[in-house]
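Residue numbers (our numbering), protein chains in the order written: chain F, 466 to 777; chain Y, 466 to 777; chain Z, 466 to 777; chain U, 466 to 777.
Just so you know, the hints here were simulated from the structure itself, not pulled from any lab data. Hints are not guaranteed to be accurate.
Heads up, the list lumps identical chains together, so a pair's fine if it works in one copy or across two of them.
[To be verified] Computed cross-link-like contacts, DSBU-like style, restricted to lysine-lysine with a CA-CA straight-line distance of at most 30 Å:
#1 Lys-701 with Lys-648
#2 Lys-648 with Lys-734
#3 Lys-583 with Lys-734
#4 Lys-583 with Lys-648
4 protein chains.
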Amino acid sequence: MRISEETRGVYIIAATPFTEDGALDLASTDSLMDFYLAAGVHGMTILGIMGEAPKLTQEESVDFLSRVMARVDGRVPVIVGVSNPGLDNLARLAHTAMDRGAAGVMVAPLPGLNTEAKLLSYYGQVCAALGPDVPLVYQDYPQTTGVPVSVDSLNTLIDRHPQMVMLKHEDSPGLAKITGLRKSATADGRRRISILVGNGGLHYPQELARGVDGAMTGFAYPEMLVRVYDLFTDGKVDAAEDLFDAYLPLVRHELQPGLGLAIRKEVLKRRGAIASSKVRAPGPSLSPEDQAELGRLIDRVEARLSTLGLAA
Amino acid sequence: MRISEETRGVYIIAATPFTEDGALDLASTDSLMDFYLAAGVHGMTILGIMGEAPKLTQEESVDFLSRVMARVDGRVPVIVGVSNPGLDNLARLAHTAMDRGAAGVMVAPLPGLNTEAKLLSYYGQVCAALGPDVPLVYQDYPQTTGVPVSVDSLNTLIDRHPQMVMLKHEDSPGLAKITGLRKSATADGRRRISILVGNGGLHYPQELARGVDGAMTGFAYPEMLVRVYDLFTDGKVDAAEDLFDAYLPLVRHELQPGLGLAIRKEVLKRRGAIASSKVRAPGPSLSPEDQAELGRLIDRVEARLSTLGLAA
Amino acid sequence: MRISEETRGVYIIAATPFTEDGALDLASTDSLMDFYLAAGVHGMTILGIMGEAPKLTQEESVDFLSRVMARVDGRVPVIVGVSNPGLDNLARLAHTAMDRGAAGVMVAPLPGLNTEAKLLSYYGQVCAALGPDVPLVYQDYPQTTGVPVSVDSLNTLIDRHPQMVMLKHEDSPGLAKITGLRKSATADGRRRISILVGNGGLHYPQELARGVDGAMTGFAYPEMLVRVYDLFTDGKVDAAEDLFDAYLPLVRHELQPGLGLAIRKEVLKRRGAIASSKVRAPGPSLSPEDQAELGRLIDRVEARLSTLGLAA
Amino acid sequence: MRISEETRGVYIIAATPFTEDGALDLASTDSLMDFYLAAGVHGMTILGIMGEAPKLTQEESVDFLSRVMARVDGRVPVIVGVSNPGLDNLARLAHTAMDRGAAGVMVAPLPGLNTEAKLLSYYGQVCAALGPDVPLVYQDYPQTTGVPVSVDSLNTLIDRHPQMVMLKHEDSPGLAKITGLRKSATADGRRRISILVGNGGLHYPQELARGVDGAMTGFAYPEMLVRVYDLFTDGKVDAAEDLFDAYLPLVRHELQPGLGLAIRKEVLKRRGAIASSKVRAPGPSLSPEDQAELGRLIDRVEARLSTLGLAA
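Just chain F, with the same shape it has in the complex (with noise of 0.2 Å):
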């Protein structure tokens, strides 16, 4: 079960759970992923950014790896988050994930790329690294790696290495980047490749109807990502965003960056996915005034959701 350009719907981003005392917490592992699958999700990425990956040491991370591989068991496909300062880390990380079966791997750029020819070269040096048979997705997330990249250079990487599959897209401000990807795909006669698109899904909607083949991201309501790509791809476009938008005061909230994983940790352990909040040193977590303030937000999508009689 590998990725590939056709690859579509939610890809949950998913957090690494910890106890409160910091180790990892590999029964809320197991609840967090029967969370994720009872919410429809149709795969999932791990080790990301938002999942504290920097925070493992080398033998957590491929601990963590192998619980949710187990607990999936092949149920959807699983996408790793390899990204590291170093490429033999970075392969040697991606070469375990795919011998337990991962689905594919995930490297952001690093920082200090600061031209698209360097950017160029270091993804050649990661396929050449990975090899040809594990498929690649770029995560395209510039405010955090400092790292921009264009429209022509997404498409020569397309165009030099067919295992780059997918687009993590979360480029900001980014619904011009998505339709000049398809109009290259369309009129270019370009390989079309999946893109699933990230930043808490703030512009979810929109980017669906640039389109985008889903969602690659950890709002803690995925059931939510799930309804309104279901809706989208049966046509019914408005429902889709009425849904949305009951949920948009929540998504907005949860991207905060720098304080959103907290934020995303503290729903998961409301909704019972994990039994603890705690994100690893240094990391944020929430004051008394924060927890009112969710649980005030949480009220009120949950009170628009009944009146639109959405409730879940």
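Model the placement of chains Y, Z and U on the given structure of chain F, informed by the hints.
What follows is chains Y, Z and U alone, placed relative to chain F:
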């Protein structure tokens, strides 16, 4: 009419209108001011970053300022953005503005003030150059300036400079900063200054609940900002947030970095406030896809307002 | 007298002199021009970043430009820095400069041009606004602009814009870029443009050996830049580097980011070229420790020149 | 053998040697340690940024550390760089290092600590995780971390954390910071910590004159760093600077950001200290032009040393 620590309400960030060929559009300046005043704004802020101030000649800045002052004619206070790489230029525009009846000036930190010691020193120089009688707004917008500021440093500035009476708050995430500043004013007995929020109002209801005094942002539906403020200060907190949420799809759409100004000007044009949505070069413009997408979002918001019985 | 691809030699980056109270010092403008001309410079560049251009009023810029042109009086070409956040402002100053006899204009990329597609588009707009008859220098100074550019993108600009006749090269590290550009011009038959190096000349001998055509920097001993150029072009490569190395302690001392301009102006003042070392606010000034340290470094360089029989 | 406020001299930043195929080269680790010890260094710092620490596996880090400790065998103190995105990982390596006989650990601020309040909080967490008995070096290298720190904030850290006994100083410009810290220690009666300078030693004589206690940098001629230190502390200030100036062309050449490590490793290889100049991917390598240029610079320095009667 000067701003002070007691200033409350909605200070709209005014666009600077241009004709299609890029000339300063003084007729649209009048109609835009009329539009804002009809929406009930409590004040205006001109020549800010969103007002394309760095693209004007010094003469154009003064022409625009003069036209605004004449049209507003004392009905609401006008704050003037005077940020400039040179302190002499900053002071000159500030004094010109005050001479023409401005209520205060706004200054963002210069890029490159990379320690808080340098930041404090810079605002010391700014206050000395302005003189003690010019009310000062600190624009805290690190996403653009690259200069973050802590609660502690803001408190130092509040202690040192009585003329610093207002914070334009647009740090992100920024909710904890508001709480921190308000606690300083109650627990520590520190001077409580006015805080108006920017960032398009993306977290406006939460920010009001945290103790801010209103908004200073340029959302193209200023009547929403005003009505939310009125409802909130009347204690109708849920009604305020319901109204806000109805507009939230547009709020988040207009907030796209870089592109947002073109969207905002296009909405202002569609609403009859200005003749052209022209952004001076180098600047963004809207593609046909952008235009259609925007139209759909506007229609959806209007439909929802109708459903809620809230149509303008 | 216009610059072209054939331009060679030392184009000194001219400081802008102020009086102790911060006013533009036109008398020192004259003496500074005399000083540079006496040092044998082949040209001048005014109103660059080191010329504190953003701190001048538009009127002061034109006054300074006019004074320089009058004093230089056609003896050497004068390039004018016209970088500006607004394209209209940029073009206006450029045309004013050309009308007054400038040899060309210099434009650095605007901060925020974060893909090479945007960079190419921007220079397309710049060239259109200038018109094809205005010779253009690309200032490649990513340490300050935050906008790096690859050899490929520079080559694209060279191909598209015949008026782009010169590169002010101050990328760091930058030696491989010079080699890359020169190989493009020989192996690929691409137009060979003039390359003058900045960064205080820190790697000047190596850059000359890599194929640059001279220097465009503001080191306060311009006679060194000129003599090294002359020796090198006479084939006296080691003598050129011996002379350079004698000044290297001062070259590296003057290059300190942020502080360097204050050091440079102080040296110019000590050498009698300007009346005051004033840097306009906000800007650095020298402490007593800085002054003593600088004096010691100057004394050591002079002693070494004497030892080498090279004293001025 | 622990570092303290009294630590003086040259702590060489050790490279991490790899074989041509990228494996950790333990034989070259031995020869490199011998080379450094023969040069007379007073201590070593391993696993820093220049030691390519983020490209090692955790196991390799410990292997390298163990090999270094065995070879050095208590002859000089060894400081271990332990910076890590996760606090648990940081503390684990620190404790492993101390268990194996390290003299202290070095921690740079994490990217993203964008206010000094966050910075102070982070070092509070670091010190708590290390425990009070582990001597700590603050690495102040904002060019790479993006986190500047003021004299005031350093003084706050000095006051709060007695275990912070040393500053690796490589801010730029940084001379005034040294003076500021030394004045704090004399005028304010604050604890005087050890300051060793980095940045390749570019301003080493000036920094010694400002009151630093030596150097912590990786210049490939460590005997120069040692001899300059010895001459300076013997009161032979001019002789120290004469010697330094003879090497300055290489110092400034080796300091090129990004490329410098490849140059440094090549020099170490040419001098017989390591078997290969391999930098792990992604990393720079030297072109034939780079190699020839470097050879010429080395020859010139050696010739000058001969002329001065200073040849090694």
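Outcome of the hint check:
{"no.": "1", "hint": "Lys-701 with Lys-648", "verdict": "within (24 Å within a copy, 48 Å between copies)"}
{"no.": "2", "hint": "Lys-648 with Lys-734", "verdict": "between (42 Å within a copy, 29 Å between copies)"}
{"no.": "3", "hint": "Lys-583 with Lys-734", "verdict": "between (42 Å within a copy, 27 Å between copies)"}
{"no.": "4", "hint": "Lys-583 with Lys-648", "verdict": "both (25 Å within a copy, 18 Å between copies)"}
The structure is consistent with each of the numbered hints, conforming to all of them.
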